[in-house]
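Q: All chains, please: the whole structure from these sequences, using the hints.
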Amino acid sequence: MTSLCFYFQVHQPMRLNRFSVFTENSPYFDEERNKGYLKKVARKCYLPTNKLLLDLINEYNGKFKIAFSLTGVFVEQCKKFAPEVIESFQELAKTGNVEFLNETYYHSLAVLFSIKEFKEQIKLHRKMILELFNQKPKIFRNTEAMYSNDIAKLIEKLGYRGIITEGHESILGWRSPNYLYYPNGCKKILALLRNYKLSDDIGFRFSARWWEEYPLTADKYSIWLSKCEGQCINIFIDYETFGEHQWEDTGIFNFLRYLPAETSKYPNLDFKTPSEIVKMYKPVGIVDVPHTISWADVQRDLSAWLENEMQKLAFEQMTKLEEHVKKNPELLHIWRLLQTSDHFYYMCTKWFADGDVHKYFNPYNSPYDAFINFMNILQDLKRKVESK
Amino acid sequence: MKILMLGWEFPPAKTGGLGTHCYELVKNLSKKGVKVILLIPKRTGNIKHNIPNVEIIEVGSVALNPYNTTRPDDKFEKGYGWNFFEEVRAFNKRCVEIAKTKKFDVVHCHDWMTIDAGIEIKKITGKPLVFTVHSTEYDRTANIYPMNFIVDVEKKGIQKADLIITVSKGMKKQLIEMYNAEEEKIIVIYNGIDPSKYFGLIKKGSKGIILFLGRLTNQKGPYFFLHTAKKVLEKRKDVMFIVAGQGEQLPELIRIAIGLGIMDNVVFTGFLPEEELLQAYAMADVYVMPSVAEPFGITALEAIASGTPVIVSKNAGVAEKILHCFKVDFWDTHEMANKIICLLKYPILGECMRKNSYREIRNFGWDRVAEQTISVYRRTI
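Top line first, the protein sequences correspond to chains A and X.
FYI, in the working numbering the residues of the first sequence are 3 to 390.
FYI, in the working numbering the residues of the second sequence are 186 to 566.
Since the hints were made in silico from the structure, they are not lab data.
In this text, a Cβ means the ideal position worked out from N, Cα and C, and glycines have one as well.
Some hints could be false.
Covered stretches of chain A, as calculated for chain X (at least 3 residues, CB under 8 Å) [stated by the list, open to error]:
| hint | stretch |
| --- | --- |
| 1 | 62-75 |
| 2 | 309-320 |
Calculated cross-link-like contacts (lysine-lysine; reagent style DSS-like; alpha-carbon spacing at most 25 Å) [unchecked claim]:
| hint | chain 1 | residue 1 | chain 2 | residue 2 |
| --- | --- | --- | --- | --- |
| 3 | X | Lys420 | A | Lys384 |
| 4 | X | Lys416 | A | Lys386 |
| 5 | A | Lys189 | A | Lys118 |
| 6 | A | Lys314 | X | Lys416 |
Label-pair ranges, simulated between beta-carbon atoms [what the hints assert, rightly or not]:
| hint | chain 1 | residue 1 | chain 2 | residue 2 | range |
| --- | --- | --- | --- | --- | --- |
| 7 | A | Glu324 | X | Arg421 | 46 to 54 Å |
| 8 | A | Asp57 | X | Lys499 | 20 to 28 Å |
| 9 | X | Gln344 | A | Lys314 | 50 to 58 Å |
| 10 | X | Gln344 | A | Thr25 | 29 to 37 Å |
| 11 | A | Ile117 | X | Glu419 | 37 to 45 Å |
| 12 | X | Pro532 | A | Met3 | 58 to 66 Å |
A: The following block contains the structure:
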């Protein structure tokens, strides 16, 4: 038996207001823009896809299973601008076929600068999942699947059974991502590795006309899945793939609608959630990841967020405030919202020239504009912190 | 291939992008084996050059330029000398006479001052006409009292030319919208830069110098530069603003600077000779080009070639091509000041920008311009 493990990442950053060196007493976050984006994506993606998944779960008598990771920043915005989205996730949770994973509440890079802060954000997120869905997460996924031996050890200590990351050749060599592995130095926690080829077939290539496999249909994809060897095939993609990255007219919803029916034609395939998988299968080896990897870009490293000097300076200045903001709950929340990885992603100059992937909902004209806007806000926050 | 080219300026006597363009184009065409006869108005009468395949003829006694600043103070003719149109007419007439005695495959005109002759030469010889539009009357006047007579000359040229070259997509759009030009006839060829002439990415400490460089006319937006300076100086005093260039608005700009109370931090340099110009570019911490209208804006490339981060007007042609710079609305002095202050405050910002933009211009040379121009000639023959 090979289990299909679908996990969808759901996140929307809180985009910043335009803030110049002259700005005073102005809110940091662009309420109107964030509301507009969220409502649009709710209409195009979250609501219709949740409805479809709910129908599929009911139709296949519990055989169809999926997992989500919802960031705290996303949930906060939903509560404010589109509470019906939260309700639809709660409906899904009630079926018992949907697992919610744990991550940092703020979709942050906290692990890179403060273990203490990292743990606090995990705890906040854990509390949120418990409150919203009455689940105690057993699987952890770090922001952008950032992962290393040390991160895995840390997460193991917190009691998790599984951790998610990228199944890239740089860590696997000749081995397949379709098996469970022990992180190097761990005994209790298992690594679930993304099958990036099969994931990107849906996430990136689904509507690509240059692709020789275009158009991708549920029956074709199911044949590929049925031919895979291994314990589990981990399809981890951004939830916005459905209806937003891939628009409805690409046929993405029909693809999803017929996927359970098509895969059910192959008796060697079933659906499992990540925590079922780590319970059911035994690891076949060890993955050794001494340096932090991620699932982003071709390099699968941290260069999308922390490569150029602007990103490094902004990050460093932000982290310096840690001790000072912790005394003030209101400022602490704002400071944490500034940790969301997207703010650093917007400052990336790496792909600026050919741009497209990084362009998605990027509110800035250039990485330089992203940098000065962030720095102006950080300066203002610093001033507030110091005056308290 | 032999080209009869009608230009208006040629170094050292030049006041703008047109002169640089003609010089570099002719030089690089010659490298690619294209023969050129270049006709330009006589100014100094002693243009020296050692470009093979190129014959430069200084025509007649014209000693004026289209942006003449030392004209009689006649409001109606705004910016042009009394005899200017007479001189243009005489130049065009002489060019036609010279053309009759020469052999060539294509006649290539630059801007309205030369196009009348081009049209006539095409009529007489039957040779194809290529017309490069570097700027229109609307651009040069920032759309404040454009002269209908000149617009009509431009319109006629655009209609009669076999192919038209513009220096940006923005200019192409303008020709289609305001001059009824046929879209298929227009080819965009961005201006180029020869980085070897400039200081490049040499390391330099911050001196707090902000540079404006251009003709002091409405078109180039020096007024907005001064108001930006005022805003920057409200936040910090250790900044100098250099206004380099000459033009009709100099006295008024000085009055404005005095009125704003910023004269201690503003320097008007007047015309800068080549050597000082290169120094100014390299010395500046930021180059600002707040042009109201800017078909291309070679000076932005020159600043980048000098290792200086640039802030350019959004509507400048150069903004279509260069990614690694700040782009602003020319009237948004608040935003320009914000960006200048941040560039001064975070040196690594300027570092990132100047390194990345320098990389962008490395493959943006004049040989590309020549190559693209040759393919335009080929299409007409």
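Q: Against this structure, judge whether each hint is valid.
A: Results of checking the hints against the structure:
With a threshold of 8 Å between beta carbons, the proposed coverage of the stretch 62-75 of chain A by chain X is violated, since 0 of its residues qualify and at least three are required. Given as covered by chain X, the stretch 309-320 of chain A passes the check, having 4 residues with a CB less than 8 Å from a CB of that chain where 3 are the minimum. For the hint pairing Lys420 (chain X) with Lys384 (chain A), the CA-to-CA distance comes to about 18 Å; that is within 25 Å, so the pair holds. In summary, the hint linking Lys416 (chain X) to Lys386 (chain A) is supported, as the alpha carbons are separated by about 24 Å, within the 25 Å threshold.
In summary, the hint linking Lys189 (chain A) to Lys118 (chain A) is supported, as the alpha carbons are separated by about 23 Å, within the 25 Å threshold. Between the alpha carbons of Lys314 (chain A) and Lys416 (chain X) the distance comes to roughly 29 Å, so the proposed pair goes past 25 Å and is violated. The beta-carbon spacing between Glu324 (chain A) and Arg421 (chain X), approximately 29 Å, falls outside the hinted interval of 46 to 54 Å. In this structure the supplied range 20 to 28 Å is violated for Asp57 (chain A) paired with Lys499 (chain X), their Cβ-Cβ distance being about 48 Å.
In this structure the supplied range 50 to 58 Å holds for Gln344 (chain X) paired with Lys314 (chain A), their Cβ-Cβ distance being about 56 Å. In this structure the hint that Gln344 (chain X) and Thr25 (chain A) lie 29 to 37 Å apart at CB is violated, the actual value being about 50 Å. With their beta carbons about 43 Å apart, Ile117 (chain A) and Glu419 (chain X) fall inside the hinted range of 37 to 45 Å. Between Pro532 (chain X) and Met3 (chain A), the C-beta spacing of about 60 Å keeps the proposed range 58 to 66 Å intact.
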